Amino acid sequence: MPDTAHTRIQRLVSLVAWMSQRDTGRPLRYPRAARYLGVSERTLRQDLDVLARVTEAYNPWLASLRLAFVGQGFVLGSAGKFRRPLRLSRDEGLALVLGLLGVSGGRDLARRLGQALGAAPEPAEVERSWVVGPTPEERLVRHLALAREARDERRKLDLTYCGAAGEPSRRIIHPYQVVQAGGVWYLVAWCERAQAVRHFRAERVLELTPLEDRFVPRPDFRPVRRASDLLAGEGHPRARVAFSPRIARWLRERYPGGETAPDGRYLVELPVADPHWLAREVLHYGAEAEVLEPDWLREFMGKMVRGQVQLTQTSFGGTPPT
Amino acid sequence: MTRRSPRRLSRFSKAERWLNLLAFLLDHRYPVTREEILSQVADYQRDWVGGSESVKESVRRKFERDKRELRELGVVIEPVATQVVGSGGQAVDAYLLKPRDFYLPYLELEAVSGKPAKRPYPLPTLSLKPDEYDILRRAARRVLALGDSPLGPSAASALRKLSFDLPGIAPGEEDLTLNAPVGPGFEQIFDVLRRAVEARLPVRCRYYAIGRDAEEDRVIEPYGLMLTWGHWYCIARAPDRDAIRVFRLDRMRRAELMEDTACFRVPPEFSIRNYLDRPPWELSEVPPRPARVRIGFPHSRWTMAEGLGRVVEALDGEGGAVFEFDVRVPDAFVRWLLPFGGQAEILEPQDLRDRLEAERGRLRAIYG
Chain A
1 MPDTAHTRIQ RLVSLVAWMS QRDTGRPLRY PRAARYLGVS ERTLRQDLDV
51 LARVTEAYNP WLASLRLAFV GQGFVLGSAG KFRRPLRLSR DEGLALVLGL
101 LGVSGGRDLA RRLGQALGAA PEPAEVERSW VVGPTPEERL VRHLALAREA
151 RDERRKLDLT YCGAAGEPSR RIIHPYQVVQ AGGVWYLVAW CERAQAVRHF
201 RAERVLELTP LEDRFVPRPD FRPVRRASDL LAGEGHPRAR VAFSPRIARW
251 LRERYPGGET APDGRYLVEL PVADPHWLAR EVLHYGAEAE VLEPDWLREF
301 MGKMVRGQVQ LTQTSFGGTP PT
Chain B
1 MTRRSPRRLS RFSKAERWLN LLAFLLDHRY PVTREEILSQ VADYQRDWVG
51 GSESVKESVR RKFERDKREL RELGVVIEPV ATQVVGSGGQ AVDAYLLKPR
101 DFYLPYLELE AVSGKPAKRP YPLPTLSLKP DEYDILRRAA RRVLALGDSP
151 LGPSAASALR KLSFDLPGIA PGEEDLTLNA PVGPGFEQIF DVLRRAVEAR
201 LPVRCRYYAI GRDAEEDRVI EPYGLMLTWG HWYCIARAPD RDAIRVFRLD
251 RMRRAELMED TACFRVPPEF SIRNYLDRPP WELSEVPPRP ARVRIGFPHS
301 RWTMAEGLGR VVEALDGEGG AVFEFDVRVP DAFVRWLLPF GGQAEILEPQ
351 DLRDRLEAER GRLRAIYG
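Listed in order, the protein sequences are those of chains A and B. Going by this note's numbering, the first sequence opens with residue 1, and the numbers climb by one from there. Going by this note's numbering, the second sequence opens with residue 1, and the numbers climb by one from there.
Among these hints, one or two may not hold up.
[Unchecked claim] To give a feel for the contact side, a few chain A residues facing chain B, derived at Cβ under 7 Å:
no., residue
1, T55
2, V132
3, R170
4, G182
5, R222
6, A287
If you're looking for bench data, these hints aren't it; they were derived computationally from the structure. These numbers were taken from a predicted model, which means no experiment stands behind them. Each residue gets a CB set at the ideal place from its N, CA and C atoms; glycine is no exception.
Chain A on its own, in the form it takes in the complex:
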């Protein structure tokens, strides 16, 4: 949704309410407030400018609102209005009802909460026209729940995992993040064996056991924030891939930052964290995509095409469907 007065009002009232609820009287730094609202610092400052302007002139109905800018942050609070968030808007209600309809037992709660909390559409209406997937398997749900719990409690996990080479392997990991990208779930974790951060596809997890041992998050950990972060990794070789002019326009959106060759092909560089993954990704485009370099990866692709290399994962997740 574009940033409109609607979204700005929602954020501002939530921010006033949140800071009034905290009631610490201490300044809040801009990055922390921006993270809470899920916006950039620039947007946050624009929001605060709006608040500053409405409190500029004296109005009795806004007199209880206090805003002060200090150093790298601000103090905000209200003794009167806006000490609670607004009721749910239609879109917020829609999102909540969609979530509830996606879990067992959620339909009754959607009916009860939807209208009571705000302007949510009727669950029956949502059910007819909206759906969010894919539906995760029970085993996957269980593993994700264990990973989240361990992450929140800073507990190490004993992981048995089916890696790209096809053989199960066992390792101790420190779970940092749970990320869903293109419908595929990943555990982002420090791996004690590799002594590096690794991205584990959750559906390849064979067993996951929380341990008593706790971990301290590494200060140099850089969280995944965008899809390309999942592919990136320190020290990974890079592959140069060309996409035919026929599909180039769509690939520019999927892999921005490439260049167009004189023959119209779209050229991108992709990190090769896992040659199997890259091969699968490229082969899904058939002859419309070609790995240009490095040579060893071209040889690998050739072997795959001739059936001399096996892939261990056949998921259609993350691939470009019709």
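Let chain A serve as the given structure and place chain B on it in line with the hints.
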């Protein structure tokens, strides 16, 4: 001539005006007339006080527009049932915004003892049983799937609000969803299709059909929207083919609501859930064609684990199997099989087998 302050001359943003309006209404425990609102709330006041009749009329229109737009936030500003006596002595409409119609009700978890949190307003309380709380937590994870899609900010905002009373509800910052990147103009297309689904109005759009490698102008009747595997799809009836088709939103280039056209009717038997969890080669309503494929081990196991196809014959000794798939989109099916290399062989139908072989031949020509 009166000297105006710079602030009085500058424009107020809509957000500033709304904040003022809402705070003004919440400040009054009795109904206030439109005259009172327009003569006191900044921005309206500037033009209303001393304005000509035509200027006042435009202020009235602005107020009506604001009321309409605020309704999208769930804030209903409508006259109370009983009129009040206005400044001119006649009965006029009056407005009252009660806290319960503005603020989120209090949420609490049953069976949790302890000192209740501060409750600054007289609002209803919704109590959740422990099992309902658990459902809500699981739903919050599902809501995350909306991630960076057009509904994502609303999803995050809803969870932020629920967390106000129930801090354990919202997933932490380290739970993240990243949907497929989309190009500029996607949000406008999403918005048009969403309005079409709600109003049941047809849409004229330009769509790239990858199977035919052709971009065409289409008229569609959108029945529903589905987010899966990181992509948004529109399930719609294509009147020119008199059939239901599945359209990927990021393959649309333009979309326009046909507002002057009669509303369409969605068949009562239509259910969008029937399209969820289908693999890409089944995302269409063209009649399916069965395809038999021999898949070697361990690919066979992964295929079974993902619930794809039906095993019609287990191959003793090697762990492979013969599967039958319902193929509605052959191109997608062939592209799914390509990475299997020699581990997959289409047994029938012959034309699909030829298609896979032709595609493999092109790849062999590339990689030698």
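Status of the hints after comparison with the structure:
no. : hint : verdict
1   : T55  : violated (9 Å)
2   : V132 : holds (5 Å)
3   : R170 : violated (18 Å)
4   : G182 : holds (3 Å)
5   : R222 : violated (13 Å)
6   : A287 : holds (4 Å)
Hint compliance for this structure: hints 1, 3, 5 are not met, and every other hint is.
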